[in-house]
Amino acid sequence: MRSFIKTGVIAGAATTLFSVLGNCQSVSTVSGACGTVIKTASANVASGTPTGTAALGAAPSGTAPGSAPSGSPPGGDGGSGSGTVNSGTGLYVLTDGQVINGGSYSCESNDTSVFIANGTVSATLIDVDVVKTGDTSSDDDSSFYGLNAGILAIDTAVLNITGGSVLDYGQGSDGVFAYGDATIYISGTRINVTGGNSGGIEAAGGGTMYASNLIIDANNKAAIRSDRGGGYMIVDGGTYRTSGAQGAPAVYSTANITVSDAILTAAGSEALVIEGLNELTINNCTVSGNMGVSGTQELHNVMLYQSMSGDAEDGTSEFTMNGGSMESLSGCMFYITNTDAIVTLKGADLTLSGDSNYLFNVSGNDASNGWGSVGSNGGNATLNLLGQTVSGDIYVDSISTLTVNIENDSALTAAINPDGTTAGGLVVVIDTTSTWTLDGDSYVLSFTGSLDNVEQGSYTLYCVLIYDYYFEADTAAYRPWNYDWERIALWITENKTQSVSVTFAGKWETRNSTNVTFEGYSPKIVYHRKGKWTHGFRFGNDVNKTIENHTGEWFKGPLLSHGGWPCKTLRDKLMNGDWTYFFRRDLRIAIKDGEFECHIK
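Residue numbering for the sequence shown is -26 to -1, 1 to 575, as defined by mature numbering (1 follows the signal peptide of the UniProt record, and there is no 0).
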């Protein structure tokens, strides 16, 4: 089995050596004017010795995932609200110790809840039917503070609701809302909300909600939702459905939310969304989403992201699914953009029923929604598979990172970046109880574990370190180009260099490490002129007593990371420059997507 890690170095022979690294591993170079020593440190990867031709898999059909979702942030509005807490008032203001048993109560006034519990009161509603019409004067205040909700608890109020129903028809009218230090206990209630910017149950500003066995139908926002300031929501049992288009997931979390033994269905939207430094845990639930097509947006079933609207603090978004099932009827299963994220799956049954075969997509977006800046708004994710069997490919773009931990008798069937895309960072860790079955050629930056636990079939796992070197031409005869690109590749297994490859005028030569001269852990490579105009690398040897430069010694050049250039414009100008001469691939940069795969082949 072959494994390869892609990265690169750009060097100038006469002055300083520069390196562009595609991962976070420490790599250094030692060079003489006609000689270069490459050193790698703590490369925790697995590979086999590359012999013969490395087979390349075909790219997946269709466009690789990673385009930006468009439209407003799902389930949240952003914006700044009124700037002060504006929860409005209630037609019926509950008093401490009050119990209302049965009856129908309605309110048609704008910015007015049917029931409000405020201050330090503790009240109870039993089998009460609530009807709310009338609109909000501020969608933001409705989302942030509960303005115009059907039933609202604020301050330090405690409200107990059993049975009954809530019908909300107004704009910005959530069914039941807990804000601030208020706590709501609700069970066995039927909630139906049809107005714009209206969700089923919500906590915000630190509010707490305990819900059990509810039936919620929401048209335009999440059935279970939170907003600015977060809070805590514990939901046990029941059915939670949305029928709206994108922006109406079953659950939208800017809080700490746990849902157990429930049915969560989004008929026209992604199923679940977690924003910023917040959590969502799903235990033994049945989940499905069916996100509709809107322009060129990336379709997905679960999104972890940061909207930059101020609704959620920056930090790690966390999603955990224990048991149960989840089906994506449209798009990839998980999409992570503009945030750090941890996804943990334990014994869940995941099904991709739409036209996507991607389990995981970690990538940047076009920033049209304000979700970060183009080029720096990728995701940094960890996927933990614990006692989990799952299938689906994985995509990580060049500005994103992913660590996949396959543990505790897990089984993953997936191709990782099968189109050869270079991820910003891509690590796979597998324990001895688990398996990874390739269903396409895969490109990772680090592999930890035993290759005995990887079932490759007819596919290849690529892990190679490639360095690109640029030299000014120094020829005794005229040629129409005045530069030279040469490459060095290191093939590593279990922290050891197994073999080394070098180019001379675009042609690769590979030697086992036993046939390469090392200085410590560093193989010695010589930049060498042959004939009037041909240059390239050759392997050094012990008879190289005289180094062909003014010092007569090998020298080590400094390294420059991919993100450490003086300016991104300078780096991009070099990487995107037209180095083509008569379509000669040896005169191009090899560490770019689209070129790397050809050089490995």
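Calculated directly from the structure, the hints in this document are not laboratory data. Model, not experiment: these values are computed from the prediction. Wrong hints could be hidden among the right ones.
[Stated by the list, open to error] Here are the simulated distance ranges between beta carbons:
no. : residue 1 : residue 2 : range
1   : Thr484    : Lys542    : 40 to 48 Å
2   : Thr484    : Val267    : 30 to 38 Å
3   : Gly431    : Asp340    : 32 to 40 Å
4   : Thr422    : Ala241    : 53 to 61 Å
5   : Thr411    : Ser80     : 17 to 25 Å
6   : Val73     : Asp340    : 30 to 38 Å
7   : Ser487    : Gly321    : 40 to 48 Å
8   : Val105    : Gly211    : 58 to 66 Å
9   : Val348    : Gly93     : 30 to 38 Å
10  : Val348    : Pro540    : 18 to 26 Å
11  : Lys542    : Ser432    : 24 to 32 Å
12  : Asp552    : Gln430    : 17 to 25 Å
13  : Val267    : Gln430    : 43 to 51 Å
For each residue, glycine too, the CB sits at the ideal point set by N, CA and C.
Results for each hint:
1. Thr484 with Lys542: 40 to 48 Å: For Lys542 against Thr484, whose Cβ atoms are near 34 Å apart, the range 40 to 48 Å is violated.
2. Thr484 with Val267: 30 to 38 Å: violated (47 Å)
3. Gly431 with Asp340: 32 to 40 Å: holds (36 Å)
4. Thr422 with Ala241: 53 to 61 Å: violated (42 Å)
5. Thr411 with Ser80: 17 to 25 Å: Given range 17 to 25 Å: violated, Cβ gap about 59 Å.
6. Val73 with Asp340: 30 to 38 Å: Because 54 Å falls outside the window, the suggested range is violated.
7. Ser487 with Gly321: 40 to 48 Å: This hint holds: roughly 43 Å between Cβ atoms.
8. Val105 with Gly211: 58 to 66 Å: violated (25 Å)
9. Val348 with Gly93: 30 to 38 Å: violated (48 Å)
10. Val348 with Pro540: 18 to 26 Å: holds (20 Å)
11. Lys542 with Ser432: 24 to 32 Å: violated (40 Å)
12. Asp552 with Gln430: 17 to 25 Å: For Asp552 and Gln430 the Cβ distance comes to about 37 Å; the hint is violated.
13. Val267 with Gln430: 43 to 51 Å: Taking Cβ atoms as reference, Val267 and Gln430 lie about 35 Å apart, which means the hint is violated.
The structure is inconsistent with the numbered hints 1, 2, 4, 5, 6, 8, 9, 11, 12 and 13, although it conforms to all the rest.
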